[in-house]
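Asker: Take a look at the letters that make up each chain.
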Amino acid sequence: MVTALAVIRLRDLFAVIMLFGIYSLLSASLFVVLDAVDVAFTEASVGAGIATVFMLGTLALTKSREKIPAAHKQVLPLLAVLGTGAVLIYGTSDIPYYGDPSNPIHHHVAPRYLEGSATEIGVPNVVSAVLASYRGYDTLGETTVVFTAAIGVLVLIGGARRPHSEESPRSDPKQELMKQYSILRLITKLLLPLILLFALYVQFHGDFGPGGGFQAGVIFAAGFVLYALVYGLDQARQIMPPWLLRIGISLGVLIYAGVGVAGILLGGAFLDYGVLDPHDPMHGQHLGIFLVELGVGITVSAVMISIFYAFAGRGR
Amino acid sequence: MTEHLPALQVVIPLMAAPLCALLRPGRIAWMLAMTACTLCLLIAALLLERVLAEGVISYAMGNWPAPWGIEYRIDTVNAYMLLLVTMIGAVVMAFARPTLEQRAHLSKRKQPWFYTTYLLCLTGLLGMIITGDAFNVFVFLEISSLSSYVLISIGRDRRALTAAYQYLIMGTIGATFILIGIGFLYVMTGTLNMLDLAARLPAVADTRTVRAAFAFLTIGISLKLALFPLHLWLPNAYAYAPSAVTAFLAATATKVAIYVMLRFFFTIFGAQFSFETMGLDAILLPLALAGIFSASVVAIFQTNVKRMLAYSSVAQIGYMILGISLVSVTGLTATISHLFNHALMKGTLFMALGCVSYQIGAVRLDRLAGIGRTMPWTMGAFVIGGLSLIGVPLTAGFVSKWLLILGALERGWWPVALLVLLTSLLAVIYIWRVVEVAYFRPAPEDRKIGEAPLVLLIPTWTLALANLYFGLDTSLNAGVARLAAQSLLGVTQ
Amino acid sequence: MQILGLYNYWIFIVLMMCGFYVVISRGNLVKKLVGLNIFQTSVFILYISMGKIIGGTAPILTETATVYSNPVPHVLILTAIVVGIATTALGLALVVRINEAYGTIEEDEIHAQSEDEAL
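Protein chains in written order, with the working numbering: chain F, 70 to 385; chain S, -17 to 475; chain G, 275 to 393.
Hints may contain errors.
[Unchecked claim] Cross-link-like lysine to any residue pairs, in silico, SDA-like; alpha carbons within 25 Å at most:
#1 LYS90/S / LEU320/F
#2 LYS90/S / MET13/S
#3 LYS90/S / ASP346/F
#4 LYS92/S / LEU313/F
#5 LYS92/S / MET13/S
#6 LYS90/S / GLN387/G
#7 LYS92/S / ALA381/F
#8 LYS90/S / VAL410/S
#9 LYS92/S / VAL437/S
#10 LYS92/S / PRO350/F
#11 LYS92/S / GLY382/F
#12 LYS90/S / ILE342/S
#13 LYS92/S / PRO435/S
The hints are simulated quantities; they were obtained by calculation from the structure and are not laboratory data.
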């Protein structure tokens, strides 16, 4: 946790971002210690992976040194922070003790999920069950947030700044350099199928172990980002063209909401998966969670790759 | 299908948004978006009718009973808010297309994405209003916030970008504070459902954790609703966003934040805890008064008319908070009524300004010289909106000002009532500055501009006439508002 | 018990203060976003700490385990992480555009340029 303090002091933004990646990885391991494997998985792939890549992408387009802030401006923020901290210490001094099983948080709503998800939904990973079914509506909202961000980034920095008219077939010097690292290229080639396969495993195994649509989407995107970094943006664009991504961004949200509407049409409530299979509600739940996670996976991976393209394509 | 109306209210714009993103060209996407907005308005009207006739509607998402699943819970207060937001949403959507196409804020290819973002913003706002789950509020809050950052950044001026960035930072701090607050509540009660929270909180109300939760929620929501002195993001955001976006956000976004505040203070914590135990009214009252006064004064000295109206919004938010701090049925009725009336007047004013900027490309005060004669309809709507803002009798603005003064007198706080009157005079000054320039200064000789096109005037005048209509027929903005206030305070008539 | 029982929450508070301080005191737009992320991550730790039961295991139902940690905070935080990355991506996109428009990502330099425009 010293890394957070170091972030304050350092002025080199490149180092700040690297430290932030380390910090994310550390908090991910803290989450594992606290039994939150799904969360740890996500934090590691998002914080240490995708967020760092985006931030570096931004730095490449801007500057990497921070100016020294004027000293007189620091008093008020410091007071505000200390004030907030004081309220927090005040608030937590009465909070139920960490890890105590008799806390109210463990006794009201949560037990139903732990006991019920085996019989009502039939999915061993309770986090997946709560995420996709009991609180599935939150997850639809979450998918929409990601969708919003993608549209926002595309509106802001989508497409090249200048039209491609003066584009000559000259190649990027960096790309030329990359071509010399044949080992790197080979390893990427070997790793890529593994990463994508792992993403699919995470996608479809989310019911049983940690994982699910979101993590899978991010991993899938990370595989592509790696490919684009080593082989160049243009080649990545040929494999995964932007128009396909645009459809993917929308499609995932539509699948998710469509499953919800199907629930209504089949006589249940919105997002009621039980009615998807009239004979066996449990199977319906399975099917619903499967489809919904698929929607999340499609949207998230398409969004992450699109955002990466937007940042990477802006620089030229 | 009628029992699914609560879900459809949010799902229709939510599904229309990704569809819009796929459609080309912009005009077709606009048609879809407009259809979605109109449908939403219809659903909201039906819902309000049903709530008034039958009482509270509850809808269980995924058929999981609350508190395990997420519940939609519609009572008078949020049915009223739904109607307000969908109404503004539909009118401004009609207004948005010509302004977007003319000024080319966006390349043709990106125009459908504007409608997508707009629909997402609407989805987020509606979702926040309708839900009965505290965490769900946070999720939809973020949908509406993210999309409004994008909408603001589309503005032509490069300062729109910094305004959006500043709003993003402030908004995210606010949202994270709300998240901390919800977390503290959850750890003490083990539930996230609002009604369930309300039922379980009194048992643990006397702990420091719940008090800290209260503090964090108050600060977080205050950031979102731009309560003085946390309003710093608002003037720039409103001034540099495209006109249609300003009209939409000014009329809805802060209103929804105030609604969320009402929900947390009255429904979840309960009026007794919020005001008697925490003494919230003692904090809100001075802030509200200081906000009204200082923002009105600052508004007088602005040269950018949009910025002037933005400061006026900060002042108007002060009136609403003042109504809350009275903690009486009349005060609360004034707040809820002013939510509606202020949306009408600010919608009219910003749309009239949108017409002006459509024709002359600027909203600086000195550029407005003489347009009262060249653009009589536009400025006519502006004057109606302005009169309503001041609170002249026979306009909607009068209704809420009147209720507010009544509420203050009820509590015996005549200095407060006097201050409300005094600050209305400040509003007279800044509105008069615009009217004076527009009607009594000669237009520059070389300028040839005519009236704004009909496609812009019709939505503008729809809201302008609504200002007059709701000044006369107060069954909705005072009658229903009173019912809503009673239900929040738990008073039965 | 007092110290041990609240230790996790104190870590959260220290981190939260660090992140919050970076957000409101620094003028560099990218660094503000990094601060915002630290601020948010600290809140995630708060939530996850709430859900932990000592002696419990991850909430994936198996034959052997009987005590599971509370899954609800995990779900909420999954959502919050996603919201966080979405906000970050959008913020960074804004920074790129600001840099194109002003040629700098320092708040006071941008401010100075805007002042000139206003005059």
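Asker: Give a verdict on every hint.
Answerer: Hints versus structure:
1. LYS90/S / LEU320/F: Distance of about 22 Å is within 25 Å: holds.
2. LYS90/S / MET13/S: holds, 16 Å
3. LYS90/S / ASP346/F: Measuring from Cα to Cα gives roughly 44 Å; hence the hint is violated.
4. LYS92/S / LEU313/F: holds, 16 Å
5. LYS92/S / MET13/S: Since the Cα atoms of LYS92/S and MET13/S sit roughly 16 Å apart, the hinted pair holds (cutoff 25 Å).
6. LYS90/S / GLN387/G: violated, 30 Å
7. LYS92/S / ALA381/F: holds, 19 Å
8. LYS90/S / VAL410/S: Roughly 41 Å between the alpha carbons, so the hint for LYS90/S and VAL410/S is violated.
9. LYS92/S / VAL437/S: Holds, because 22 Å separates the two Cα atoms, which is no more than 25 Å.
10. LYS92/S / PRO350/F: Given pair LYS92/S, PRO350/F is violated - Cα atoms ~43 Å apart, limit 25 Å.
11. LYS92/S / GLY382/F: holds, 17 Å
12. LYS90/S / ILE342/S: holds, 22 Å
13. LYS92/S / PRO435/S: The given pair, whose Cα atoms are some 24 Å apart, holds under the 25 Å limit.
In summary, the structure is inconsistent with hints 3, 6, 8, 10 from the numbered list given earlier, while agreeing with the others.
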